[in-house]
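**Student:** Using the sequences provided together with the hints, build the complete structure.
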Amino acid sequence: MGCQNVMLSTGLFCGGSWSGIRENLDYIQGMNFDAIWISPVVKQLQQRTGVGDAYAGYWSQDLYQLEPHFGTVENLKALVAELHSREMLVMVDVVVNHMACPGECDYNTFYPFDSADHYHTFCPMTDAADAFVLQHCWLGDENVGLADLRTEDIWVRETFAEWISQLVSNYSIDGLRIDSAINVEPDFFQGFVDAAGIFATGEVMTGDERLACKWGESIGSILNYPVYYPLIRAFSSPQGDIASVVAKMNSVKETCVNTTSLATFSENHDVARFASLTSDRSLAENIIVFTVMADGIPIIFQGQEQRQNGSSKWTDNRAPLWEVGFDTSAPLYELIAVLNKSRKQLLTHSQDFSEHSSEVIFQDSHSFALRKGVPGSQVITILTNYGQDSGQTVIELANHGYLPGVELVELLTCTNLVVDDRGLLKVTLFAGRPGIIHSAAWLAGSGLCSGAEKRTEPTHPS
1 MGCQNVMLST
11 GLFCGGSWSG
21 IRENLDYIQG
31 MNFDAIWISP
41 VVKQLQQRTG
51 VGDAYAGYWS
61 QDLYQLEPHF
71 GTVENLKALV
81 AELHSREMLV
91 MVDVVVNHMA
101 CPGECDYNTF
111 YPFDSADHYH
121 TFCPMTDAAD
131 AFVLQHCWLG
141 DENVGLADLR
151 TEDIWVRETF
161 AEWISQLVSN
171 YSIDGLRIDS
181 AINVEPDFFQ
191 GFVDAAGIFA
201 TGEVMTGDER
211 LACKWGESIG
221 SILNYPVYYP
231 LIRAFSSPQG
241 DIASVVAKMN
251 SVKETCVNTT
261 SLATFSENHD
271 VARFASLTSD
281 RSLAENIIVF
291 TVMADGIPII
301 FQGQEQRQNG
311 SSKWTDNRAP
321 LWEVGFDTSA
331 PLYELIAVLN
341 KSRKQLLTHS
351 QDFSEHSSEV
361 IFQDSHSFAL
371 RKGVPGSQVI
381 TILTNYGQDS
391 GQTVIELANH
401 GYLPGVELVE
411 LLTCTNLVVD
421 DRGLLKVTLF
431 AGRPGIIHSA
441 AWLAGSGLCS
451 GAEKRTEPTH
461 PS
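One point on numbering: in full-length UniProt numbering, the residue at position 112 of the sequence shown is 112, and numbering is uninterrupted.
There's no promise every hint is true.
As the list claims (entries may be wrong) - Across the chosen pairs, the derived CB separations fall in these ranges:
| no. | residue 1 | residue 2 | range |
| --- | --- | --- | --- |
| 1 | Ser357 | Ser85 | 32 to 42 Å |
| 2 | Gly207 | Thr10 | 26 to 36 Å |
| 3 | Gly197 | Val246 | 32 to 42 Å |
| 4 | Arg150 | Ser329 | 47 to 57 Å |
What the hints assert, rightly or not - BS3-like mimics (lysine-lysine), calculated; alpha carbons at most 30 Å apart, straight line:
| no. | residue 1 | residue 2 |
| --- | --- | --- |
| 5 | Lys248 | Lys341 |
| 6 | Lys344 | Lys426 |
| 7 | Lys344 | Lys253 |
| 8 | Lys253 | Lys372 |
| 9 | Lys43 | Lys77 |
| 10 | Lys372 | Lys426 |
I should point out that these hints are in silico values taken from the structure, not numbers from a laboratory. Glycine residues also receive a C-beta, built at the ideal position from the N, C-alpha and C atoms.
**Tutor:** What follows is the structure, encoded as C-alpha cells:
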C-alpha cells in the first residue's frame with residue numbers, strides 16, 4: 001500500500017523531512033518562489049491516536065525539542081542554510097494556542113507548560129461565535145485533546161516570548177505562520193511578534209473581515225480568509241458570483257489597515273483542494289493568477305501546481321506530493337513560474353508594486369479586472385469564470401492608466417496590444433483563460449515572451 005493510501009486511510013507518518021525538502025529545492029525554485037513555509041518543527045505527540053499520528057505538526061508536546069520524524073538539528077540548519085544560499089527565505093509554522101494529549105491530559109508530559117495552572121479549565125468548543133468560548137475552550141476531540149493555554153497569563157506570555165526569540169535565532173528563521181491565531185486573544189501577539197523580530201502572519205479562519213482584521217492589526221498580517229471564501233465559490237463554476245468577490249475585496253480594503261500585507265491563498269491544508277471542486281483547467285488558472293497577482297503576499301500550497309484533488313478532510317488534502325510526482329512540465333507549474341517571474345520583474349522596476357493597493361477597473365457577471373501599481377508601472381489582471389468550454393471573450397477596458405499608442409503585452413499568450421485613440425484597451429480571452437497586461441518595455445530583458453511568436457491584437461472594433 002502506497003504512502004498516500006496509508007495517510008488517507010489512517011493518518012500515519014509515512015515520510016517527509018527537512019532533508020527531503022532540501023533535496024527538492026530545485027523543483028520549488030523552478031517556479032521562481034523566493035520563500036517556503038514549513039510545518040511546525042517542535043516535538044510532537046509521539047504515540048499513535050485514534051485519528052493517526054502527529055505528522056502534520058500541530059500536536060505539540062515539547063517546544064524545546066525538534067520533531068524526530070522530520071530530522072535533526074543539523075538537518076533543519078542545513079535546509080535553512082541551503083535556502084539562504086539560494087537567496088530564499090523560510091517561514092516556520094508555530095502553535096501558541098494549545099498543547100496536545102491523547103485523551104486525558106497528563107500535564108507533566110508537556111514542556112515548558114507542564115502544570116494544569118498554565119491551561120484553561122476544559123470546556124468544549126461549542127460556539128465559535130462566542131469570544132469567551134473561542135479563546136478559552138479546547139479544540140480537538142476525544143482522540144486528541146488540545147489543551148488550551150492561558151495565553152493571557154504573564155508567565156505564559158513571557159515564556160512564549162523567550163522561546164520564539166531563541167527558535168528564530170537558533171535556526172535563522174525568516175518568518176512565522178501562527179496556527180489557530182483566532183483562538184488566542186489579539187493582544188497576546190504584539191509581544192510575541194516583537195520577541196520574534198520577524199514577519200508573522202496568523203491563521204484567523206473566519207469570513208468576517210470585521211473580526212479577522214482585529215488580529216491583523218495585532219500580528220501585522222493574517223491569511224485572507226474573508227476573500228478566500230467568496231473567491232472559491234465564484235471560480236469553482238461558471239455560475240459563481242463574481243460580484244461577491246469584488247464586494248468582499250472592497251470591504252476588506254475598507255476594514256483592514258493594509259490589504260497588501262495579508263496572505264493571499266486559494267488552497268491550504270485545512271480546506272478542500274480546488275481541483276476537488278472542479279476539473280476545469282481554465283478556472284484553476286484564474287484562481288492561481290488571482291492568488292499571485294492580487295493584493296497581498298501570495299501563497300501556493302504544495303501540490304496545487306500538480307492539481308492534487310484532496311477534499312477538506314484533513315488526511316486527504318495533506319496527501320504527499322512525491323506520490324503524484326514532481327512534474328516540471330505540468331501546465332500549472334509552468335503558469336506559476338511565469339507569474340512569479342512576472343511579479344519579480346514588476347518589483348525590479350517598481351519596488352513599491354507589492355505595497356500598492358489594487359483597484360477594480362472592470363466588472364461584469366463573469367469577469368473583473370484589477371489594476372495594480374503606481375501610474376506608469378501598473379499591471380492589469382483580468383479574471384473570468386467562463387470556464388474552459390467557453391469560446392472567445394472580448395473585454396474593453398478604460399481606466400487602465402496607459403496612454404494611447406503605448407506598446408503592451410498580454411503575458412499568458414504573448415499577444416501585442418495597443419491602447420486605441422479613444423483610450424480603450426481591447427483584450428481577447430480564449431477558453432475562459434485569465435489575462436495579464438504588462439508594458440512591453442518592462443518585459444525587456446526578463447525572458448518573458450521574448451522567445452514567443454507574438455501576434456498583434458487589433459484594438460479598434462472591426
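**Student:** Look at each hint and say if it fits the structure.
**Tutor:** Structure-based check of all given hints:
no., hint, result
1, Ser357 to Ser85: 32 to 42 Å, "34 Å, holds"
2, Gly207 to Thr10: 26 to 36 Å, "32 Å, holds"
3, Gly197 to Val246: 32 to 42 Å, "37 Å, holds"
4, Arg150 to Ser329: 47 to 57 Å, "52 Å, holds"
5, Lys248 to Lys341, "28 Å, holds"
6, Lys344 to Lys426, "26 Å, holds"
7, Lys344 to Lys253, "24 Å, holds"
8, Lys253 to Lys372, "14 Å, holds"
9, Lys43 to Lys77, "16 Å, holds"
10, Lys372 to Lys426, "18 Å, holds"
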